[in-house]
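Colleague: Chain by chain, the residues run as shown.
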Amino acid sequence: MRIALFATCLGDTLFPEAVKSTAVLLARLGHDVVFPPQQTCCGQMHVNTGYQREPVPLVRNFAEQFGDPAIEAVVVPSGSCAGSVRHQHEIVAERYGDAALRAGVAAVRTKTYELSEFLVDVLDLTDVGAYFPHRVTYHPTCHSLRMLRVGEKPLRLLRAVEGIDLVELPEADACCGFGGTFAVKNAETSTAMLRDKMDHITGTGAAVCTAGDSSCLMHIGGGLSRIRSGKRTLHLAQILAATRTAPHVLTEAAR
Amino acid sequence: MSSPTGPATQGTFLGMPAVPPRSPYGTGHLRGERSFPRAAHDELGNEQLRRNLGKATHSIRAKRLAVTGELPDWEQLRDTGSAIKTDTMNRLPELLEQLERKVTERGGTVHWARDGVEANEIVTRLVRETGSDEILKVKSMATQEIGLNEHLASQGIAALETDLAELIVQLADDRPSHILVPAIHRNREEIREIFLRHIPGVDPALDADPARLAAAARAFLREKFMTTKVAVSGANFGIAETGTLAVVESEGNGRMCLTLPEMLITVMGIEKVLPRFQDLEVFLQLLPRSSTGERMNPYTSLWTGVTPGDGPQEFHLVLLDNGRTAALADRIGRAALNCIRCSACLNVCPVYERTGGHAYGSTYPGPIGAVLTPQLAGMHGAKNDPNSSLPYASSLCGACFDACPVKIDIPSLLVELRHQHTEQSGTTAEKLAMKAAAAVMKRPGLFTAAQKAAGLGRVPAGRDGTLSRLPPPLNGWSDSRDTPAPPKQTFRSWFASAEGAAAMRAAAEEGARHTDDAPHTDDAPQEES
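First to last, the protein sequences are chains A and B.
The first sequence lines up with residues 1 to 255 when you count with my numbering.
The second sequence lines up with residues 1 to 529 when you count with my numbering.
Calculated from the structure, these hints are not laboratory results.
Note that CB positions come from ideal geometry on N, CA and C, so glycine has one too.
Check before you lean on any hint, since a few could be wrong.
[What the hints assert, rightly or not] Covered stretches of chain A, going by a simulated chain B footprint (3 or more residues, C-beta under 8 Å):
(1) 3-15
(2) 45-51
(3) 105-118
[Said to hold, decoys possible] Some chain B residues judged to face chain A by a derived CB distance under 7 Å, without partners named:
(4) H41
(5) R175
(6) F220
(7) F447
(8) P486
(9) R492
(10) S497
(11) A507
(12) E510
[Unchecked claim] Some chain B residues flagged as far from chain A (calculated, every beta-carbon gap over 12 Å):
(13) Y25
(14) G54
(15) V67
(16) N90
(17) E129
(18) E189
(19) P204
(20) A205
(21) L213
(22) E223
(23) K224
(24) K229
(25) D310
(26) I332
(27) L446
(28) H514
Produce the complete structure using the sequences and hints provided.
Modeller: As structure tokens, then:
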């Protein structure tokens, strides 16, 4: 299948390992992975912060870069960015776009998938041949959970990973407190939410907390690093991309 | 769209529709004194509050899930509730006129109040005409919203709350912090202290046992029920078809209040109307399950006009706008008027759970309050209005939308209000930054250059590759979180590099080898659990 990878601005710039893992994983599964080089950002930060006029060019660029009918699917290693493409681009296009933009947005949204959705729903896979011999706990990010309704899909993928010791995270579906600019505008409330999430993670004894969103992991990982917990965060794609022949070497988190 | 800051007539010309009035600035309780982050700062430091709230919201959450889970048609009920409310809002004027007609036919009197000032004046006049200087109150968020108690006090009329939790809040000279459990921020010991200090003649040996606390309040209230001539209530529902008003409650004090006095005045927000009597079938299932986690609330009182020789012999219905038609006039915002005040969204909200209700500064706290309050009272950018901080008091996690019995898409409404706020607030540093970010991101060449510049962020990073202090306005973030320094190579440059191409080729070959040896896709089904 010809798959276009949407790296997301955060993934491309700050968390390239998560995007590399996504690309490698899809190639290993036998797919033709392309990266439209003119891609930038989905505009989620703008919309969520209250700006719908400013991201119009971003929404337009996204529709143009991924609109090629030869692209059968757009895969995003981020629940919130996939959610933005599926739900917010329409809002922006309805309000400020022309007919062409509305049509472009509609065409792209139906073939855009978050990684776990794509693997389970489109490729019909649960075992992707991964090997990751560590204790792991999974945090379902809010937008994956409630905007995309990915449900158990990431857990099904994780359960099939060879060697993994998957432990349940208490109050898993509680928000970690990131929320984009919420973490800046309401930093103290965000920190109070983060503290509870970190307590639950450290309580599981897992070495790694994984999720399908680099942004939430940046928040949780930033907190775990600050308290020198010895725990670390890793994107779901990085676990799924690890194999016996190319294992993921778990570097020790900052202590 | 400009923000309406003055009376509705200001700046209106002939032939131009007036902007619907909002709740007048500076009246009632639809606005706090500080922005949400400032108010939250103090509340977050209160450990006792956090414990009380955490315990209460977690227990109601569990109860709600249990009783909604046992109904096979819960989702259909939610859809039906949502449809009835949407239909109601679509023809609100017609339904309100029908309600007025029916109430009048049955011997009641209907008053229309454009805002809280008018509603307070109407109620004061009615009470004064009876010659009473004290009234009983039950179940009214609308009168809390308009500050009726304070207004009556200024006119020499004492109002006593009869709902147990509201009584606790009133005796402590405190403010409610939850839609359904106004004293949720207080524990038993605190309540015992309040009663000992404020209930005249209370047994000094009173302990913190809930039953004894309730009995102490009951003894105090019974005396008042027997002697007070006027009561003011709110309404959960008003039925247009029959002119029937409804109040649901847990303690029975409300029923006392609704039946014993000689005059009953009900203050009802105009959005509380329902078209048909049969609609109660849906809402009397949705409301108690969503709010208290009960299959049924203990007391449901319905009354229609006046019944000679039985109950209050004079009935007045005050229909309150106070910003509701302004909300209704907004195509997107009107969905917030569907709210039935069950508080399910508060009980699942991670922000409410940490900050409590007072941080929102309004009679309506929590997620729905963050949507409703700015719509009723406006967001006055020029006045540095605390209400303009409310749409941002959410991480947009969506738990509220999942919990709402009438499916109000609160996260989308919050995003919409944020948009309205930024559109109204002129040029700000944030807007310039957002414009600049969009300008960079719409040009892939510029974006790549900016990524390279971000790579310079590696310089201030420590040996562990993290940034621990960031400049304002990002310092709130960096107070509790490390930030990874941008790696040397972006994904796009890796993908375009020889190294990236080799890695992708190797992965494809590895996959092909596996497909030949032992295809992983084939053994997938057994792996599921």
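Colleague: Please go over all the hints and tell whether each is borne out by the structure.
Modeller: Going through the hints against the structure:
1. Counting residues of the segment 3-15 of chain A whose C-beta lies closer than 8 Å to any C-beta of chain B gives 7; at least three are required, and the coverage claim holds.
2. Judged by the Cβ-Cβ criterion of 8 Å, the segment 45-51 of chain A is covered by chain B as claimed, because 7 of its residues qualify and three suffice.
3. Coverage of a stretch by a chain is defined here by at least three residues with a beta carbon nearer than 8 Å to that chain's beta carbons; for the segment 105-118 of chain A and chain B the count is 0, and the condition is violated.
4. Because the beta carbon of B/H41 sits about 6 Å from the nearest beta carbon in chain A, less than 7 Å, this interface hint is met.
5. The closest approach between the C-beta of B/R175 and any C-beta of chain A is roughly 20 Å, which is over the 7 Å cut-off, so the hint fails.
6. At about 38 Å, the closest approach between the beta carbon of B/F220 and any beta carbon in chain A exceeds 7 Å, and the interface hint on this residue is violated.
7. A hinted interface residue such as B/F447 counts as satisfied when its beta carbon comes closer than 7 Å to some beta carbon of chain A; here the least separation is about 5 Å, so the hint holds.
8. Taking 7 Å as the C-beta contact cut-off toward chain A, the hint placing B/P486 at the interface holds, the least distance being around 6 Å.
9. Below 7 Å, beta-carbon pairs count as interface contacts, and B/R492 has one with chain A at about 6 Å; its hint therefore holds.
10. Interface restraint check for B/S497: the shortest CB-CB distance to chain A comes to about 11 Å, outside 7 Å, so the restraint is violated.
11. The interface hint given for B/A507 is met, as the beta carbon of that residue sits about 4 Å from the closest beta carbon of chain A, less than 7 Å.
12. For B/E510, the interface hint holds, the least distance from its beta-carbon to any beta-carbon of chain A being 6 Å, beneath 7 Å.
13. Distance to chain A confirms B/Y25 as a non-interface residue, since its nearest Cβ pair spans about 22 Å, more than 12 Å.
14. For B/G54, the shortest C-beta to C-beta distance to chain A comes to about 9 Å, within the 12 Å cut-off, and the non-interface label is violated.
15. Every CB of chain A is more than 12 Å from the CB of B/V67 (nearest about 19 Å), matching its label as outside the interface.
16. Listed as a non-interface residue, B/N90 keeps its Cβ farther than 12 Å from every Cβ of chain A; the least gap is roughly 20 Å.
17. With 12 Å as the threshold on Cβ separation, the claim that B/E129 sits away from chain A holds: the shortest Cβ distance comes to roughly 48 Å.
18. Interface exclusion of B/E189 from chain A stands, the closest Cβ pair being 24 Å apart, more than 12 Å.
19. With a least CB separation of 39 Å from chain A, B/P204 remains clear of the 12 Å interface cut-off, as annotated.
20. Separation of B/A205 from chain A is adequate, the least Cβ-Cβ distance of about 39 Å exceeding the 12 Å criterion.
21. The Cβ of B/L213 sits about 30 Å from the closest Cβ of chain A, beyond the 12 Å cut-off, so the non-interface label holds.
22. A cut-off of 12 Å between C-beta atoms confirms that B/E223 is not in contact with chain A; the least separation is 43 Å.
23. Its beta-carbon lying about 40 Å from the closest one in chain A, B/K224 satisfies the requirement of being farther than 12 Å from that chain.
24. Every CB of chain A is more than 12 Å from the CB of B/K229 (nearest about 46 Å), matching its label as outside the interface.
25. With a minimum CB-CB distance of about 50 Å to chain A, B/D310 clears the 12 Å threshold, and the non-interface call stands.
26. Not every C-beta of chain A lies more than 12 Å from that of B/I332, the closest at about 10 Å, which undercuts listing it as non-interface.
27. The Cβ of B/L446 sits about 9 Å from the closest Cβ of chain A, inside the 12 Å cut-off, so the non-interface label is violated.
28. The Cβ of B/H514 does not lie farther than 12 Å from every Cβ of chain A; its closest approach is about 6 Å, which violates its non-interface assignment.
Violated hints, in rising order: 3, 5, 6, 10, 14, 26, 27 and 28; the structure is consistent with all others.
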